[in-house]
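Please put together the full structure from these sequences, using the hints given.
Those protein sequences? They're chains B and E, same order as listed. Residue numbering for the first sequence follows the working numbering, starting at 1 and increasing by one per position. Residue numbering for the second sequence follows the working numbering, starting at 1 and increasing by one per position.
Don't take every hint at face value.
Said to hold, decoys possible - Derived CB-CB ranges, DEER-like: (1) 104/E <-> 17/B: 25 to 35 Å; (2) 51/B <-> 53/E: 21 to 31 Å; (3) 62/B <-> 104/E: 21 to 31 Å.
The hints are simulated quantities; they were obtained by calculation from the structure and are not laboratory data. All values reported here derive from a predicted model rather than from experimental measurement. No residue lacks a Cβ here, since even glycine has one placed at the ideal position from N, Cα and C.
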Amino acid sequence: GAGVSQTPSNKVTEKGKYVELRCDPISGHTALYWYRQSLGQGPEFLIYFQGTGAADDSGLPNDRFFAVRPEGSVSTLKIQRTERGDSAVYLCASSKWDRGHTDTQYFGPGTRLTVL
Amino acid sequence: LAKTTQPISMDSYEGQEVNITCSHNNIATNDYITWYQQFPSQGPRFIIQGYKTKVTNEVASLFIPADRKSSTLSLPRVSLSDTAVYYCLVGDPGGAGNMLTFGGGTRLMVKP
Chain B
1 GAGVSQTPSN KVTEKGKYVE LRCDPISGHT ALYWYRQSLG QGPEFLIYFQ
51 GTGAADDSGL PNDRFFAVRP EGSVSTLKIQ RTERGDSAVY LCASSKWDRG
101 HTDTQYFGPG TRLTVL
Chain E
1 LAKTTQPISM DSYEGQEVNI TCSHNNIATN DYITWYQQFP SQGPRFIIQG
51 YKTKVTNEVA SLFIPADRKS STLSLPRVSL SDTAVYYCLV GDPGGAGNML
101 TFGGGTRLMV KP
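Structural data, given as C-alpha cells:
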C-alpha cells in the first residue's frame, strides 16, 4: 500500500518568509509525528498528534513553529519568519499506535528546507 | 530516556557479516530496543525490534544479553546496498506518544 508522503520534496525560501510543509500519513494511522534532521545528525522530535490533537509539542523549538492536523489525517507543519538555522530535512512519520502494544513508525522521504 | 552509544562509523566488504553494538546502560524495564536504517535522501526505515534474547527477521538479527545493557545488530552477508546509517533506539513503544529519540547513528560503508 501507499506509504507516508511529503510535499514538497524540496523547498527553498528566503529568510523571513512563511512556509508550509505537508504530510500524508498511511491511511488508518492515528498517530503522526514530525521530526527535524540536520546534516550529519539523527532526527529530532518536534511534535506528535494522536488523531486531531497535538498530544505533545515539546520538541517545537519556538513559537515560530506550528503544526495542525484538522481532520486526523493530513498534517501541515508551518514555520513563520523563517531563519537560516531552520534549514534541515523535515520528516514525518505515522503509526497505528495502540497503547499497550509495540508500535512501528513509518517515515516519509522528508522535505528538504533551505532558507537563504 | 535511556541514552544509547554506538560507533560513529564502520567499514565492511561485500559478503561479510556485520555486527553493530549499541550500549544502553540505563535501559528501563518497559523499554524495547529498536533499530532503524536510513539511506541518503530517505526517511529512516524500521529494521528490527526486541526486548530480550534473540530476534531474527528476513533482514537482520538482534542479540540482547540478559542484562539488556547492550544489544548487537547483525547483518548477514552485506551487500553494497546495505551502505546506510543505522540507528539504535531505546524506549517504551507502548508508552504515551512513543516519540523516538535518535542518536548519531553508525555509518556503515560496504565496499566491493
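Now the hints, each set against the structure:
Here the CB-CB span from residue 104/E to residue 17/B is close to 31 Å, well matched to the stated 25 to 35 Å. Look at residue 51/B against residue 53/E: about 36 Å separates their beta carbons, and that is not inside 21 to 31 Å. One distance hint, 21 to 31 Å for the beta-carbon pair residue 62/B and residue 104/E, holds here, with the actual separation near 24 Å.
Hint compliance for this structure: hint 2 is the single one not met.
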